[in-house]
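*Asks:* Protein chains in written order, with my numbering: chain A, 1 to 305; chain B, 1 to 305.
These are calculated hints, taken from the structure and not from any lab test. Honestly, I wouldn't trust all of these hints.
The list treats identical chains as interchangeable, and a pair is accepted whether it falls inside one copy or across any two copies.
Unchecked claim - Calculated lysine to any residue pairs in the SDA-like style (CA-CA distance at most 25 Å, straight line):
1. LYS240 to ARG48
2. LYS31 to GLY201
3. LYS240 to ARG259
4. LYS240 to PRO261
5. LYS31 to GLY257
6. LYS150 to ARG206
7. LYS31 to PHE237
There are 2 protein chains.
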Amino acid sequence: MSDLAMRTVGFVGTGVMGAAMAGHLMDAGFKLRVHNRTRSKAEPLIARGAQWCDSPGEAATGADAVITMVGFPSDVEEVYLEPGGIVECAAPGALLIDMTTSSPALAVRVAAAGAARGVAVLDAPVSGGDVGARDATLTIMAGGDEDAFKRARPLFEAMGRTIAFHGGPGAGQHCKMANQIAIAASMFGMAECLAYAQATGLDRARVIETLSGGSAQSWSLHNYGPRVLNGDFAPGFFVKHFVKDLRIALDEARAAGLRLPGLELAELLYAELLAGGGGELGTQAIWLLYADAAEREAAGVTASV
Amino acid sequence: MSDLAMRTVGFVGTGVMGAAMAGHLMDAGFKLRVHNRTRSKAEPLIARGAQWCDSPGEAATGADAVITMVGFPSDVEEVYLEPGGIVECAAPGALLIDMTTSSPALAVRVAAAGAARGVAVLDAPVSGGDVGARDATLTIMAGGDEDAFKRARPLFEAMGRTIAFHGGPGAGQHCKMANQIAIAASMFGMAECLAYAQATGLDRARVIETLSGGSAQSWSLHNYGPRVLNGDFAPGFFVKHFVKDLRIALDEARAAGLRLPGLELAELLYAELLAGGGGELGTQAIWLLYADAAEREAAGVTASV
């Protein structure tokens with residue numbers, strides 16, 4: 001299948017991220033067949049000419065490629081592997097790409113199921129959040145068959161900026177887990193840095209500014225720090241999804257015989273935040289675990305360190 | 001005292017950092033009176049015309065300003081407060097500046113001792129390490145009297161690039177502690193990200209490259225990550241000094257009624273590394289806690305997570 005032949009793309013999962021990504025594919029000239037659990041979220045794409053499909057399997061039927069951007073590993077398993085699902089309905093030679101952040105072990109299983117039917121499956125989770133999806137500046141971390149990755153390039157280039165192949169099935173998910181492990185530590189580093197600064201009477205904005213030039217610099221501190229100071233806990237990336245990611249990373253680390261105490265602590269802190277009512281907030285809400293009772297209450301969170 | 005009058009500077013502590021900083025002051029035209037526990041380390045400065053002094057007090061005698069860059073809070077206490085020390089020997093109106101990373105509570109005590117004798121004391125620790133000291137690009141975080149800070153500017157500008165005043169006595173040290181808290185988390189985030197990538201069979205250099213464009217980005221990952229991959233554990237900043245800093249930060253956090261589990265974990269991990277023979281290595285040696293036995297042994301470290 002040449003790039004020119006890849007004209008029809010099934011797209012399953014048109015939430016905030018998926019809808020923006022699907023829109024870029026339409027801008028790039030691909031014909032879309034879309035499905036989403038809640039149809040209303042797909043309406044703007046349908047209004048632009050995307051074909052509505054009643055199921056993931058129907059979206060896959062006759063498509064040259066299928067992209068999925070769903071919520072949890074259980075959703076990935078369902079849309080690909082259930083009877084009448086994507087793997088069963090995909091045309092021979094089709095290219096399947098799961099861009100959900102999901103379990104590496106599941107990515108291996110889905111790839112094997114695809115291979116048994118002659119369809120290549122890539123795992124290609126992203127980082128960059130809603131802004132990256134909207135601006136087509138996502139980082140895309142891919143695993144699977146390398147030839148399939150090359151065929152997928154025109155699709156990836158319509159959605160992302162940094163596009164990297166990391167190895168066989170599951171390698172994209174593993175790279176995303178490495179990404180989440182690094183972020184998790186810098187998120188509570190940010191929160192504890194600001195908590196210390198506040199408790200010792202410093203001007204936190206000035207501390208962030210002073211630290212930006214030096215070795216304490218991180219994307220988390222310099223992008224989320226100011227949001228924390230403004231009391232802005234709106235989700236760029238949901239706490240409930242981050243907890244899912246951290247648990248996948250922990251499971252995989254344990255399966256690899258690895259002890260990662262920093263990751264364990266991150267999972268513990270974010271799980272507290274989730275249990276304490278913070279699931280629908282953005283990941284910067286980790287700050288609330290360190291905030292005073294009034295600030296926590298105003299944000300609707302009961303958990304604290 | 002006008003800036004023009006500040007001609008003679010006593011400089012106590014001419015180790016790797018201090019010698020480079022003192023050299024910049026000489027370049028800027030200040031006359032130096034130097035003291036160091038080990039005289040040989042001051043010889044290059046003496047060869048350039050600095051006046052050798054046999055004690056900290058002697059270095060302070062007749063100086064318009066005194067700068068100290070010593071090792072531990074116990075050293076700070078000794079050089080400033082002992083009989084015949086800097087506070088006792090300083091000329092009335094002199095400006096004393098401790099640039100050691102030290103205890104905020106001690107900074108308050110030294111400032112009070114200075115005030116009782118009519119000399120202003122600033123705490124002004126730095127970040128940027130040996131490279132920042134050599135290139136005069138240090139970040140300088142100052143606390144104390146704001147007029148004294150203004151008088152000190154010509155000295156700071158000879159040594160640093162980002163120069164920020166953070167409040168009364170101890171505020172410079174508190175800002176440095178906030179800095180170390182953020183760094184500590186990003187250091188084990190870096191190590192755990194790379195440990196996960198290695199255990200799951202990824203190319204770690206490619207992972208660092210992929211992550212640099214996105215939200216997992218940190219100075220630690222992108223500067224220390226490649227050193228770890230090269231097996232380079234040479235000190236930019238010593239583990240033994242970082243452990244000291246983390247313990248000061250923990251003490252201060254507890255005194256402020258603050259629980260910082262990320263900092264607690266960082267202190268635990270770096271203390272393990274120190275106890276396991278890593279004290280003379282650079283802070284990136286945190287990686288060795290996650291490395292395989294052969295790599296740890298090659299680096300002379302026995303500790304692991």
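*Asks:* The structure should be examined with respect to each hint, and the outcome stated for every one.
*Replies:* Verification of the supplied hints:
no., hint, verdict
1, LYS240 to ARG48, "neither (31 Å within a copy, 62 Å between copies)"
2, LYS31 to GLY201, "neither (57 Å within a copy, 37 Å between copies)"
3, LYS240 to ARG259, "both (23 Å within a copy, 24 Å between copies)"
4, LYS240 to PRO261, "both (21 Å within a copy, 21 Å between copies)"
5, LYS31 to GLY257, "neither (45 Å within a copy, 59 Å between copies)"
6, LYS150 to ARG206, "between (46 Å within a copy, 17 Å between copies)"
7, LYS31 to PHE237, "neither (29 Å within a copy, 56 Å between copies)"
The structure fails hints 1, 2, 5, 7 (numbered hints given earlier, in ascending order).
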